[in-house]
Every structure is written in C-alpha cells, then in structure tokens.
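Kindly produce the complete structure, drawing on both the sequences and the hints.
Protein chains: 2
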Amino acid sequence: MSASRDQRSGSKRKILGAIRSAGRIARIDLAKKTGISQATVTTITAEMLLAGLIHEVPSDDEDRNARRGRPRVGLALRGEAHTVVGVKISHQSLSIVLLDFSGDVIGEHSAPLAAAVQPAVDVAEQLRNQIAIAAEKAGISMKQVSAVGVGMPGIVDATRGFVHWSPSLTERNQPFQDIAQDVIGCPVFVDNDANLVAMAELMFGHGKNVQDFIVVTVESGVGMGIVLGGELYRGTRGCGAEFGHTKVQLDGALCRCGQRGCLEAYVADYALLREADVGQNNKQSSARQIAVLLKSARDGDATAQSIVNRAGRMFAMGLANLVNVFDPQLIILAGERVQFNHLYADEVMDSIRQQIVQIDLPPPDIVIHKWGDLMWARGAGAFAIHGVSDMALKDLGEHAS
Amino acid sequence: MSASRDQRSGSKRKILGAIRSAGRIARIDLAKKTGISQATVTTITAEMLLAGLIHEVPSDDEDRNARRGRPRVGLALRGEAHTVVGVKISHQSLSIVLLDFSGDVIGEHSAPLAAAVQPAVDVAEQLRNQIAIAAEKAGISMKQVSAVGVGMPGIVDATRGFVHWSPSLTERNQPFQDIAQDVIGCPVFVDNDANLVAMAELMFGHGKNVQDFIVVTVESGVGMGIVLGGELYRGTRGCGAEFGHTKVQLDGALCRCGQRGCLEAYVADYALLREADVGQNNKQSSARQIAVLLKSARDGDATAQSIVNRAGRMFAMGLANLVNVFDPQLIILAGERVQFNHLYADEVMDSIRQQIVQIDLPPPDIVIHKWGDLMWARGAGAFAIHGVSDMALKDLGEHAS
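For the protein sequence lines, the chains are A and B, in the order given.
Taking numbering that gives the first Met the number 0, the leading residue of the first sequence gets 0, the next gets one more, and so forth.
Taking numbering that gives the first Met the number 0, the leading residue of the second sequence gets 0, the next gets one more, and so forth.
Incorrect hints may have been included.
The list cannot tell twin chains apart, which means a pair is met if one copy fits it or any two copies do.
[Unchecked claim] Below, a list of computed lysine-lysine pairs in the DSSO-like style, where the Cα atoms sit at most 27 Å apart:
hint, residue 1, residue 2
1, K294, K207
2, K393, K142
3, K32, K13
4, K136, K31
Quick caveat, the hints were computed from the structure, so don't treat them as lab data.
Computed from a predicted model, the values in this text were never measured in an experiment.
Written out as structure tokens, the structure reads:
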C-alpha cells in the first residue's frame with residue numbers, strides 16, 4: 000500500500016468513527032471534528048454513501064430553527080449495512096447478541112457450553128450451532144451475518160486471533176480465529192473478554208467521551224482493559240493489560256496460574272472460598288457460596304469479615320497501583336461480582352485514595368457498571384463491527400483509488 | 000485554530016520528526032515515511048527551509064551509485080537554527096548541557112546547589128546563574144539561548160510546567176515554569192526527570208526505533224518514564240508513570256512519602272541503609288554507604304545479603320507487574336545506582352521472568368544503560384528542542400496560512 004493511500008485509509012477510519020460517535024453529523028461538522036479538509040470529507044462520504052455504509056438524514060428541527068435557512072443534511076450510519084454477531088465465552092456458557100452496523104441490538108441468545116474446558120474446534124462448533132439458533136430467533140439467515148466477534152477469557156493476541164492460553168480451552172497456543180472461521184464460514188475476530196468490555200464502554204457506555212480509562216472486570220477472575228487516547232491498548236506481544244496476575248504480595252498466596260501472590264489469589268471466588276474452607280466441590284455455585292460468605296461477614300462473623308476485608312484491601316492496593324501508573328480519567332468496575340459490593344465498599348474506595356500519590360487534584364472517578372453477560376457480548380459485537388468496517392473501508396479504497 | 004490548520008500543524012510536526020529521526024532524508028522518502036502527500040511535503044519543507052530550521056544536503060555516494068542518476072538532495076536539521084539548554088536538578092547539584100537544534104552537545108557544566116531543598120525562586124536563580132556560566136564556557140551569549148528544559152524530581156504536570164511536589168522544593172504546588180521564565184528570561188519547559196530520561200532514550204538512545212518502551216531510573220529514588228506509540232505517556236492529571244510509590248506490600252515498610260509498602264521503601268538508598276541500621280547522618284555519602292553494604296553482601300555477610308536480596312526481589316516483582324500491565328517491547332534500566340548490579344543480577348532477571356504471564360513468546364528485552372547526570376540533562380535539552388520546534392512550527396503556520 001502506498002503511503003498516501005495509507006493516509007487516505009486513516010482518514011476514512013477517522014470519518015466513519017466520527018459519524019459513529021456523533022450519531023448524526025453534517026459534512027461541515029465532520030471536517031471540523033476530524034481536521035480533514037472539506038473536499039476530502041465530501042469525496043470519502045460520497046464513496047461511503049455509494050457503498051451503503053451511511054445514509055443521509057434530514058437535520059432535526061432544532062438545528063433548522065437555529066440556522067433559519069436551508070436545512071443541513073446529516074450523515075448517519077446505515078444500520079442495515081451489516082449484521083454482526085458478538086459472543087462472550089464464559090465459564091460454562093455462551094452469550095450471544097446480534098447487532099446491526101450502527102450497534103443496535105437486534106437479537107439475543109444464551110446457551111450452556113458442553114463443558115467448561117474443551118478443544119478449540121469443539122468450542123467453535125458450539126459457537127456455530129448457537130449462532131445459527133440466535134440468528135433464526137432474530138429472523139436472520141446465517142448468510143446475512145458479516146462477521147463474528149468473540150470475547151474469550153485468557154491471554155489473546157487480538158491482531159491475529161491467537162489464544163496463548165484460555166481457561167476455556169484444553170490446549171495452549173490455539174489459532175482460534177482461523178479455526179472458528181473454518182467452522183463458522185465467515186470472518187471471526189477474537190480478543191480477550193475484558194478488552195471487549197472496554198471496547199463496549201468506549202462505543203456504548205461510560206467511556207464514550209473519555210480518552211483515557213481503565214475497565215477492571217471482576218467475575219470468577221479479575222480482568223482489565225485499557226483505553227488510551229480513545230483506543231484499546233494491547234501491548235507489544237498482544238498480552239498486555241494483565242491485572243489479575245500482577246503481584247500484590249512477594250511469595251504470597253498460591254494462584255491457580257501456578258505463581259504466588261497474584262491479585263486473583265486474594266480476590267477471586269476460589270481464593271475467598273479457599274480461605275473460608277468451603278470446598279469448591281460443594282454443589283452450590285461459587286456465586287451462591289460467595290453470597291453466603293458475604294452475608295456472614297455482614298452478620299458479624301469475624302472469620303468471614305477478615306477474609307472479605309483482606310480481599311478488599313488487596314483490591315484497593317492493586318487499583319491504587321493502576322492509578323499511580325496510568326493516572327487515568329476514569330476507572331470502570333464491571334462484571335458479575337460487582338453485584339456484591341465488598342470490592343467497592345466505602346473502605347475500599349478510601350483505601351485507594353490513601354494509596355495513590357497525593358496531589359492537590361481530585362483522584363480519578365471510579366464508577367460501578369453492573370451489566371450482564373449480554374453486555375459483554377455486545378462488546379464482542381463492537382469488535383466485529385470494527386473488523387467489518389475496516390474490511391468495508393479497504394474495499395472502498397480498492398474501487399476508488 | 001481551524002480544523003484543517005490543526006491537521007496541517009500535525010503534518011508539520013510529523014515531517015520535522017521524520018527528518019530528525021532519519022538524520023538526512025530525501026523529500027520523496029519523507030512522503031513515504033510520513034504518509035503525507037508529496038505536494039504537502041514540498042510546501043511544508045519549503046517553509047522550513049525559508050525559516051532556517053532545515054537545510055539541503057547532498058545525498059551520499061552510496062545512494063548516488065545505487066540510483067546511477069541525478070543525485071537526490073537530502074534534507075537535514077540545521078543545528079545552528081537554535082541553541083537550547085537542558086538541566087537536571089539532582090539532590091544537591093545541577094547538571095547542564097547546551098545542545099544545538101539537531102541535538103548535538105555543544106557545552107556541559109555542573110555545579111552544586113546552595114541547598115538540597117529550596118524555595119522555587121531560589122532554584123530558578125541558581126539555574127539562571129549556572130546557565131550563564133555554562134553558556135560563557137561554550138562561547139555562547141544568553142541571547143542565543145532559545146529555551147531551557149528542566150528535569151525535576153517529583154510530580155510534575157509537564158503541560159503547564161506545574162510542580163505538584165518535588166523533593167528539591169520547600170513548597171508544594173509551584174508554577175515552576177512561570178517562575179523560571181520570569182527569572183531566566185526565555186521559554187522554560189519543565190517535566191519529571193525520569194520522563195526526560197525516557198525522552199533522551201527516544202531521541203538519542205536505545206528507544207530510537209522502538210514504539211513502546213519503559214525506562215526505570217534508579218537513583219536515590221525510583222522513577223519511570225513510559226513511551227507508547229513513540230510518544231511520552233504522562234497521564235490525565237500529569238502525574239502518571241509513577242513507579243517508586245506503587246505498592247509492593249500491604250501495610251508494608253514506611254516510605255518517606257508517608258505511605259506504607261511503596262517499592263522505594265524496599266529499594267531506595269534510605270531503605271537499604273535503614274535496614275542495615277546505618278544512620279543517614281553518617282558523614283559518608285549514601286552512595287558510598289550503599290557500596291559498603293553491597294560489598295558486605297558479596298563477602299558473605301548474612302544480614303547484608305538478606306537486605307540486598309529482598310530489595311532485588313521486590314524490584315523484580317515491581318518490574319514483572321509493569322511487564323504484565325504494559326507488555327512493552329523493551330525495558331531500560333538507567334540511573335546512578337545501576338553502577339551497582341544488585342538490581343539486575345541474574346537472580347533478579349530470573350525472578351522477573353518467573354512472575355510474568357507465561358506465554359510461548361520471549362519476554363521483553365531488559366537493557367542496562369549506565370549513563371551519568373549529563374545524559375539526563377540531555378533529555379531535558381531534548382524536551383526544550385521539542386518546545387522550540389513547536390513554537391517554530393506554529394510561526395511557520397502564521398506566515399504561510
């Protein structure tokens with residue numbers, strides 16, 4: 000690709016991104032917002048209109064009144080341009096959403112996985128089957144699906160959809176993107192699940208107008224997604240933004256990863272239940288057992304309080320370290336376990352504030368976002384929209400230049 | 000500033016940066032490297048030639064032979080365009096370099112500070128006096144100095160040169176940039192000293208061709224500079240990239256910052272000497288006392304070994320956490336204390352490798368860069384060159400558009 004074509008492709012991405020975040024925007028405002036010349040905006044948006052990615056919409060009345068003149072025509076994404084699927088792979092289940100190109104949800108579906116840990120090809124087959132059911136429920140044929148985004152727990156190199164390790168897969172080093180594309184028959188994009196929660200926050204949630212923020216997810220494990228300058232930060236080898244296995248104690252508690260002193264070894268379900276001496280083979284779900292432990296703590300049981308209290312303090316120490324290193328605008332706590340409040344109790348928040356570097360400016364905001372698996376799936380769908388957009392914009396270039 | 004002018008200013012910065020990193024480059028290669036159209040490259044470089052920021056240089060023989068035709072004309076920075084000063088403020092001394100616009104050192108000077116902790120205006124006055132001496136030594140008049148860059152230990156918001164806190168200043172919250180500009184009489188740019196080591200590595204050192212790297216400085220304290228995507232990362236409130244005060248132990252050793260469990264409380268000079276029960280009022284310098292402690296450890300003294308060993312393990316834990324969070328290409332260890340090897344002994348390096356997330360790819364490179372205070376000052380000079388370039392490019396825009 001020549002250098003100027005490379006620049007042109009950057010401009011196309013910028014313009015599409017600006018239309019997406021604005022919802023509806025006039026060409027002249029698009030030029031202002033992106034810093035791209037009006038002539039280039041006109042050319043590129045003409046190509047996008049022709050390709051059906053965007054459409055013209057009349058400006059609203061307010062705008063018309065304000066200008067007292069000829070109504071300005073706005074540009075908006077054309078939802079019908081593409082249908083994508085987003086999937087969250089959880090411990091023992093799949094959560095699926097169907098999104099149109101503008102990100103609106105047009106279908107939802109959940110299903111159990113055959114097993115918690117499986118070969119990659121088995122996971123891919125269950126994905127294909129459940130996506131087909133989800134599509135049928137939404138009245139959409141599989142042929143209409145442009146791409147599938149998958150959020151997978153573990154260490155994932157998203158640039159090539161390569162899974163270094165996942166608790167859901169029996170084998171390490173799986174080219175899951177390739178495997179799933181073969182089985183499903185359409186483009187598949189794979190990333191770490193917490194990264195995709197960050198992407199969902201960026202596209203649909205609390206991060207919409209924030210340049211630098213961190214999402215920390217608390218489920219059975221602890222995950223993180225980092226957004227810097229409005230983009231996901233993934234690291235050099237594709238395994239950055241690891242938080243659960245950062246160390247909070249030298250030679251500390253044994254973690255299920257095999258190392259000692261990881262944050263997860265103090266905060267995750269298994270860590271709390273190990274201390275509470277509740278066998279994990281207990282027939283109750285670990286979520287239920289955690290609920291019982293937290294209730295005991297609230298009811299004044301000293302052992303339960305000691306366990307929960309230390310988890311909160313270790314979590315605060317880890318978050319304070321993130322604030323010291325990144326100095327973000329915002330931290331978003333998300334995930335199934337934020338239904339319990341022990342990790343963002345007042346004492347935890349106070350402890351964070353006490354452990355960050357003290358300057359005479361307020362610390363970053365910390366917001367709690369209680370959303371379910373379908374919202375995680377929506378993040379995976381957002382990643383698929385990203386991938387589809389890149390492919391569509393590349394095609395534009397092929398025809399036009 | 001209009002949007003298109005904003006874009007134009009981005010292009011100018013890109014072009015100047017590309018000329019700087021290439022040393023000498025033909026216009027056509029500049030267009031390729033930056034992704035900016037040849038027409039724009041021609042216009043902008045013509046303005047830069049007119050303003051005297053760059054000059055034309057003949058291409059070298061190798062290139063001429065390779066092309067067998069008319070020699071291509073290269074563009075290079077014009078060193079004489081500006082003279083800048085870089086200053087490192089250390090515990091009890093100032094280190095000063097004079098650089099030309101291309102970054103070449105044209106003078107050096109060191110001097111003691113009147114006291115280790117002083118009012119901002121006193122520091123500024125000593126800066127002015129010592130810069131004058133440095134300039135005189137180099138045969139340069141103060142009027143020729145276009146700007147001064149200052150590397151200051153502590154928490155600094157570089158965007159406005161505001162010092163939230165510094166061990167060198169008696170008062171918190173000092174607008175040091177404004178104070179120093181008034182006293183010195185030319186533009187002053189102020190940043191955290193470790194950030195400026197990172198900038199020096201980016202412009203002159205191991206980071207020249209690396210997009211994502213981290214510099215960790217070990218002196219009497221522990222500092223960090225983060226480069227992501229080829230640019231310094233400073234955080235939202237201007238106090239990011241804090242490493243020495245990240246916590247490595249819940250309720251751990253007392254740090255001189257007043258908090259508990261900071262990495263510095265295990266690794267810094269004062270921490271080692273506190274454990275060794277060597278009073279800091281000892282007449283020997285702390286560097287000398289540290290040397291004695293390390294020799295005792297090497298000679299088999301069990302207490303000394305225990306102290307040094309734990310410092311190394313805490314340091315390894317902190318570095319492993321950085322690798323987990325950032326997944327950088329490269330980590331550079333720099334600063335006065337890397338003359339001692341206890342923080343990068345084989346066991347420390349092994350310990351880092353054991354505590355990072357295990358994937359089947361090699362861990363990031365860690366290099367040791369033993370450089371002195373004058374190299375830190377060169378980083379401050381690089382920051383001044385940055386500032387001067389921005390001002391010069393802004394002027395270009397004023398005349399041309």
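Checklist entry - Taking each numbered hint in turn, which are not upheld by the structure, reported in ascending numerical order? => result 1, 4
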